[in-house]
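For chain A, the structure is supplied; the task is to place chain B on it using the hints.
Residue numbers (the working numbering), protein chains in the order written: chain A, 39 to 300; chain B, 3 to 277.
There are no misleading hints in this set.
Partial list, derived from the structure: chain B residues whose beta carbon lies under 10 Å from chain A:
no., residue
1, 60
2, 94
3, 157
4, 230
If you're looking for bench data, these hints aren't it; they were derived computationally from the structure.
Backbone N, C-alpha and C define an ideal beta-carbon position, used for all residues, glycine too.
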Amino acid sequence: MSGASQAARQAFAPNWGARLGLLALALYSLYAMAQLDITWDRLLIGFGEAGRFLARMWPPNFERWELLIEGLLESIQIAVLASALGILLSLPLGLMAARNLAPTLLTAPTRAFIALCRSLHYVIVAILFVKAIGFGALAGVAALTIASMGFIAKLFAEAIEEISMKQVEAIRATGAGFGAVLLYGVLPQVASRFTGFCLYQLDSNLRNSTLVGIVGAGGIGGTLFAAFKRFDYDFVAAILLSIIALIFLAEVISARIRAAMQ
Amino acid sequence: MSGAAGTAGPMAPLIREWHRFTPAERIGRWLVWLAIVASVVWAVRTVEIIPEFLEDAPEQMADLLVRMWPPDLAHYYPDVHAALVETLHIATLGTLFSFLLAVPLALLAARNICRIRPLNAFAQLMLVSSRSVNSLVWALIFVAVFGPGAAAGVFAIAFRSVGFVGKLLAEALEETNRGPVEALTAAGAPWGHIMLKGVWPQVQPAFWGIALFRWDINVRESAVLGLVGAGGIGVVLDDAINFFQWERVATVLLAILAVVIVAEIVVTRIRSRLI
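The following block holds chain A by itself, in its conformation from the complex:
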C-alpha cells in the first residue's frame, strides 16, 4: 500500500521514451560523424585554420568598389525582375490551385507543377538555365522566377482557400462575372496577405540573387566566388559585408512598405 502511494506521489515521472530517443539521437550523431569523417583532430586543425582565415579577412578591402557596386546592382536587378515575374505568374497559378474556386481537374496538375517548382533548389535550377540561356543575369532571373512561383503560388493558393465564401456568393448572387467576383469577392480578403508574401519573396529573392552568380547566373555571387577562388579573402570580407548591409537595408525598406500598404 505504501509503495503504491509512493509511486502516485512522484509528480514528475521519468520519461523513458524520451530518454531512449535522446540516446538514439546521440548514437546516431556519433555514427554519422564517423561516416562523414568528422574527428576531433580535424576540428582542432579547422579551428586553427579559422583563426588564420579570419586574420586574412581583416581588414576588408574595398579597393575594387566599382566591381562590388556593379555586382550588387545586378543582383538587385535580378531580384526585382524575378519577383515581378514570379508574382505575376503566381497570381493565376495560385487561383488555379485554390480548391474552393477552381475545379479539381485544374487544381491537381497546378499543384503538382507548383510542388515541382519548389522541390529543386534555385541554384540547381540556375545551373540548368545557365546551360539553356547562357551565362548572365537572365539565367538568374529565370531560376529565381521558378523558385518564386513555387513559393508564393502555394501561399496564394492557401490564402485563397481560407477566404470566407459568403462574400463570393454575395457577389455571384448579383450576377457578376468571374472577373468581378475575383475583384470584389476574393481580392479584398486576400490583398493584405498577398502584399506580405510578395514583400517576403522580394526579400528572399534579394538574398538568393546574391548567390546564383556562383554557378554563373549573374549578380554579386560570381564576384564572390572568383574572390574566394583567388584567395582574396579581404575582398571576400568586403563583399560579404556589403551583402549583409544590402539585405539589412532591404529588410528595413520592406518593413516601411508593409506599414504603408496596411
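For chain B alone, kept in the frame of chain A given last:
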C-alpha cells in the same frame, strides 16, 4: 465632406463622404506603387541581356532535355546512392548541431528568460548574422576552414540554421505562460528544473515543429553544398555537369527530387502525429 444637400438639420454631421485612407496614407501607397513600377522599369532597361543567347534559348533547352533523356539509371548505384546518404547525414547532423548552438542562444535572446538586456541584444545579433549569410556562403567559408568534404557541409548547414531555429525558438519562449514558472519558483525549484518542467512542456510542440521544418529545408540545401566542395550529392552533380554527362545529371536530379519529396511527406506525417 459632401454635405451639399443637407447643410442644415440634425442629420448634417452624418452626411459625409467616407475614405478608407487618410491623404497621407494614400500618398504613401501611391509612392510605393510608383517605386515598384520605377524599379521594374529600371531593371528591365538596364539588365544585361545578350540577344544571341536569348534567341537560341528554346533550341538549347530542347537540346538539354534530349541529352538528359534517357536518365543513366545504372549510374545510381553505388555513386549517387552513397552521395545521397551522405547528403542526408549532412542535413541531419547539421540540424542537430544547429540545435546545440541555437538553444543557448534562444534562451539568451528570450527576454522573459534572460533578464540582462545587453545579453539579449548580443544573442539577437548572433542570430541575425547567422541568418543573413546564405548556406552556400557559409559552405565556402567552411571549405576554406576544414578543407573540402562533408565536415564543411555539416558546419555550413548548422551555422545557417542557428539563426532561423534560434529566432523561432526565442519567439516560442517569449510566448510561454508565466504561471508554471512562478509555481515552480515558489516551490523552490532550481533553474534547470524550472526550465525542464515549467518552460519545456510549453515550447515542446513549437520545438518539434521547428526541428522538422528546418530539417526539411536542410535536406534541400545540403543537396547543393557540393557545388562548392562541401560534400553530399552536389559533388556528384557538379562532376556530371563538368563532364557534360547530362544523362547522369538527369539521374542525380531525379534522385534529389525523390529525396526532397519523400522528406516533405515524412515531415508532414510526423508533424500531424506529434502536434
